[in-house]
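Participant: Turn these sequences into a full structure, and let the hints guide you.
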Amino acid sequence: MTFPDEVLDCRGQRCPLPVIAAARRLPELPVGSVVRVLADDPAAAVDIPAWCRMRGQEFLGTVTGADGPGYDVRRRH
Amino acid sequence: MTGLTVVGSLSAPIGGIMAIPARYVGFREREERAGVASPAVANRRGTVSASPVYLDAATAAPPHPVTRQALLAALDDGWADPARLYGQARRARQLLDAAREAAAATLGVRADELSFTPSGTAAAHSAVLGGLLGRRRVGRVLVHSAIEHSAVLHAAEKHVAEGGSVGPVPVDRLGRLDLPAWSAAVRAPGVALAALIAASHEVGTVQPVAEAAEACAEVGVPLFVDGAQVVGRVPVPAGWSVLTASAHKWGGPPGVGLLVVRKGTRWESPWPADERESGRTPGVVNLPAVVAAAASLRAAAADAAAEAARLAPLVDRIRARVAADVPDVEVVGDPDRRLPHLVTFSCLYVDGEALLHALDRRGFAVSSGSSCTSSTLRPSHVLEAMGVLSHGNVRVSLHRETTEADVERFLAELPGVVAELRAEAGVTAL
Ligand SMILES: Cc1ncc(COP(=O)(O)O)c(C=O)c1O
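Note that the protein sequences, when read in sequence, are chains A and B.
Going by my numbering, the residue at position 45 of the first sequence is 45; the numbering climbs one at a time, nothing skipped.
Going by my numbering, the residue at position 180 of the second sequence is 180; the numbering climbs one at a time, nothing skipped.
Simulated from the structure, these hints should not be mistaken for laboratory data.
Since the model is a prediction, treat every value here as computed from it, not as a measurement.
The hints are all genuine.
Ranges of calculated distance between the beta carbons of each label pair, as one might list FRET restraints:
{"#": "1", "chain 1": "B", "residue 1": "S150", "chain 2": "A", "residue 2": "D5", "range": "36 to 44 Å"}
{"#": "2", "chain 1": "A", "residue 1": "D67", "chain 2": "B", "residue 2": "K263", "range": "56 to 64 Å"}
{"#": "3", "chain 1": "B", "residue 1": "D112", "chain 2": "A", "residue 2": "R53", "range": "45 to 53 Å"}
{"#": "4", "chain 1": "B", "residue 1": "E275", "chain 2": "A", "residue 2": "A66", "range": "53 to 61 Å"}
{"#": "5", "chain 1": "B", "residue 1": "V166", "chain 2": "A", "residue 2": "G56", "range": "33 to 41 Å"}
{"#": "6", "chain 1": "A", "residue 1": "R25", "chain 2": "B", "residue 2": "T403", "range": "41 to 49 Å"}
{"#": "7", "chain 1": "A", "residue 1": "R24", "chain 2": "B", "residue 2": "R137", "range": "55 to 63 Å"}
{"#": "8", "chain 1": "A", "residue 1": "D67", "chain 2": "B", "residue 2": "A425", "range": "21 to 29 Å"}
{"#": "9", "chain 1": "B", "residue 1": "D360", "chain 2": "A", "residue 2": "R25", "range": "31 to 39 Å"}
{"#": "10", "chain 1": "A", "residue 1": "T64", "chain 2": "B", "residue 2": "T403", "range": "47 to 55 Å"}
{"#": "11", "chain 1": "B", "residue 1": "P335", "chain 2": "A", "residue 2": "R25", "range": "32 to 40 Å"}
A short, non-exhaustive set of chain A residues, derived as facing chain B with CB atoms under 8 Å:
{"#": "12", "residue": "C15"}
{"#": "13", "residue": "I20"}
{"#": "14", "residue": "R24"}
Cβ atoms here follow ideal geometry from the backbone N, Cα and C, with glycine treated the same way.
Facilitator: Following this line, the structure appears as structure tokens:
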């Protein structure tokens, strides 16, 4: 499992807000960084991987911890 | 008398239930005497700047002119209970028989295979639960695609709650059934029934029904096809054992469904005993609506090929122009194997509900499978199964009254609406 460089807490936010948070933050970090988006809106499970595909970023997978689901995204470019 | 007049009069504020018939009748008589457009129509028109553009035929198509004619005629002639033994009842029975024969002939099935139901949902419930019940000695597994309509999925949930099991079969990114997975699933032991939507109501992708039916036939599993989005629009592929449809999707009245159970299919009514509709649908049918449904089905089917040829290029145009004119948009569904009248796209970073409201304010009626518009807050299971963006989702569906000008106006206004919402949310440069 990858250790994230940063965690974005988007719990309680409805889509598209968690996707927007990831889209804002990722480009501010160095290429190769991993951001974990914590989101309890079930739509995030669909929309964060879809955003990665549309933007050419890498979706690493979903981790389920005590904080609820987290979606790991790596900046590729 | 136009559809708008009826809608206008019924939707006007009223004092109570008892006020509806009196006001409705009085209103119509006044208007018919005067021979002019009603104040309600003027009011309705006054509230929107340009004339409204209705683009949600996949939910309910505006009634075909034949629907209105048949409904009014059948209200006069077909109000009696067809099961009774007096003259009015015999007249109603004749109308019901004629409606059944007309609908069966249009679908190319036998009249005794077809029953009317109170909706497409009720028909799908009957198809699933009755198909499972009829084969419970074989097993208790229901195989279904991951993109069935909620009517099918809710019946499946009930089946599971009662100890049965389900095998959902995935689709690809374009929303097409995974045929090898389907063939493997129907081959498994204990499969009582397989269910496949003829074409997706959310993204328009046409399913490989003939191939799926072949896989079912090889192992003797009956196939239920939910034809709600195809019946009256495109030919239904062969090979099914149970077929359902919904009249308000083809321009018939709301509240009429079709349930067709092929001769020789093991199907048992899941409802308490009742003699109506060969024991397949309990309760008296809404005969005027049934007559209107059958008459409009025949009319819609007669025009279907020409309508498909007219609408498919408009859908092509929407697919191309939305992709070109709206930044960060995903046009979803199969670009080739799809319904002629339905197109869906998702706009990145846009809230689906806000988008529908913004379009409504400009007079465009469209719908969405997006999470943000459903009460459950779940993303659309169809978009989820396809793995495509589920927020900012819009489904546009055309019908016989849709003009090229309507589509052009939508295409002209959409990019600005999306840009405005993105500017408000501060997401323009992401
Ligand atoms: C594919 C499909 N099946 C079933 C239904 C249910 O039909 P009805 O609205 O008549 O209950 C619909 C309509 O929403 C549909 O699109």
